[in-house]
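*Asks:* Protein sequence lines correspond, in order, to chains G and Y. So in my numbering, spot 2 of the first sequence is number 2, and the numbers just go up one at a time. So in my numbering, spot 26 of the second sequence is number 26, and the numbers just go up one at a time.
It should be emphasised that the hints constitute simulated quantities derived from the structure, not laboratory data. All values derive from a computational prediction rather than experimental measurement. All clues given are correct.
Taking lysine-lysine pairs in the DSBU-like style, the calculated list, with each CA pair at most 30 Å apart, reads:
1) 101/G / 346/G
2) 101/G / 160/Y
3) 160/Y / 346/G
4) 428/G / 346/G
5) 128/Y / 113/Y
6) 156/G / 160/Y
7) 428/G / 361/G
8) 156/G / 101/G
9) 156/G / 346/G
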Amino acid sequence: MNELELQALLPFMVLAASSLVVILLIAFRLSHTVIQISGFMMMCLTVICMWLVRDTLPREIPPLLVIDGFAAFTTGLIVFVVLAVGLFSYIYFEEREENPKEYYILLFLATLGAAVLTVSKHFISLFIGLEILSISLYGLIGYLRNRNNAVEAGLKYLMLAALTSAFLLFGMALVYLETGSMDFAVIGRHVQSSGFSVLMILGIGILLVAVGFKLAFVPFHLWAADVYQGAPPPVTAFIATASKIGVFSVLLRFGQSLGLQNEQLLQGIFSFIAIASMIVGNLLALRQQNIKRLLAYSSIAHFGYLLVAFLPGNDNGETAALFYLLSYSVTLLCAFGIITIMSGTKQDAESVSFYQGLFWKQPILAVVLSVAMLSLAGIPLTAGFPAKFMVLASGVEDSRWIPVLVLVATSVIGLYYYLRVIGILFEKPEEETAATKVLHPFFYYATYTSLTVLMLAICWLGLFPGNVIDGIRQLLQLE
Amino acid sequence: MEVLFCISSLVAILSTVMVITRLNPVHALLYLVVSFMSVAMIFLSLGAPFMAVLEVIVYAGAIIVLFIFVTMMLNLGKETAEQERNWLKPRVWVGPSLLAAVLLAEMIILLTKGQPGSMQVTVVDPKKVALSLYGEYIIALELVGFLMIAGIVGAAHIGKHRKKTFHRFLEDEAETEQQLKADYHDVHTG
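Here chain G stands alone, though its shape is the one from the complex (with noise of 0.2 Å):
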């Protein structure tokens, strides 16, 4: 490894190095506050080496990685996302009945999961990503480990993540059977040279179904709503931003350097997997009383319109993936802001009776959680819309029809539910309550800015996305 390499690592290491810092931080019995803000800091030490050394990108590292400007991007959305759960993690685990400081060496270990995925282009470097998110993400889940809902879900994922990990070391020893390696540059020659034979599909397909469960696609999609409800909601929006982010990018690169999306069956197969998601996350929200759950469904069918850019598999779907993974990521943020802020020490804010008049008594936080709502509707003037706009003409310069005319028609499904919390914001308000005192007021103001500040990032993207657009162009050398 020479010098250049250890320098496109760097982010990496600062990443990884956090954990440890916070052990370091427990054993000398350091606050939870210390903790914070030192976890807070480490992260954007990440973001400033990410900074220091975009000149040595891209730059590979046989044979399991490659750090490029596509893992530059999502790695540094991850790092994002990680920063603002960091930070409503405070007020939420400070309150609650669990030691809070274990919770953030779990954290950083899965955020440091999620970064090895978007930089991994090896069957190893993304099967150990996978492990040391999913098994940081069962502590995380049933991190309040005396409620019988958070046990539940953790209980869940734990059997399906172990499931689907072996799944998905069937699926890369078949491939390896057919191609001799797990390198996807080499397999994609393979494939280049003799096509896909039949073992080969057979592995991709038992590939998909470990990628399926953790993006949560339809037929893999049992577990979402169970976890979404029972994990702490700041584990939650991690669940649907971060680690989302992380394995769909490793998608993303396996099917650009294999191609996935020329050959006919496999492409039948996405295509399937889209359209049922769209159908089936849209109708089973509608319903829907629980927010968490709620959110849960809007993110199955999130990541169906999602699959709508990655099948083109061409530069702009890719474009359009990148793009709406930015803006999914901020205004799921927002969402789950709000829950976190509003959840009490018993219980989480759940139920959507519980939002019932909140302009009335708390009116920036239903603004925010109103611009969330239409973000995820894809209304104009929000993130939503560029984002949705961007993956639909991806979908319709490749003529794929069908898909695209499923992604409309369910958008205005989708529109109900969401409309329908928006709704429930501006009713009158039960009863009057009395004011409780705030507690820790610097960070509970902090999380109160920063939710601003997303907000407002939001309706940014949604009115001038052209400058992230040329960024993300520019990360993806496409220009």
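Fit chain Y to the given chain G structure using the hints.
*Replies:* Chain Y only, in chain G's frame:
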């Protein structure tokens, strides 16, 4: 060689099917040991003696013995002796021992007349394993370290016992007190 490979694969499949169909955990674990040993035998017949030894030491040796001990410990009680007698019926141990005997016979054949057959076998010695782990795949090795941290921290947190700082007669009192406190704080915002 090829025949030996096929037989040990067959033993592996058989024993693994037995693992997931047994109702008694200890019976299942006995078959699991055999399953691991047959995988070790597969490695050996493919020319990876180091991996085979590791498979036996790490899985069959350490982890499974630990499992069996823990499962037996958890059942401590009046009926333990009775249970142990039940577990040692021939019906229970004949199956795993037969499969293990097949593996033993295979290994003896392999060691006494181990000329390479039709299969192309490259012997992977410990040096090659070490060089690839600590050379080419060093990043993977480091990442596995982080994987272990995640597992340990998660397990330690979930399995931690709640600290008891007061006498058990006072426990109820303390709990109600805590509840009152929690009610007082209630919600951040309302």
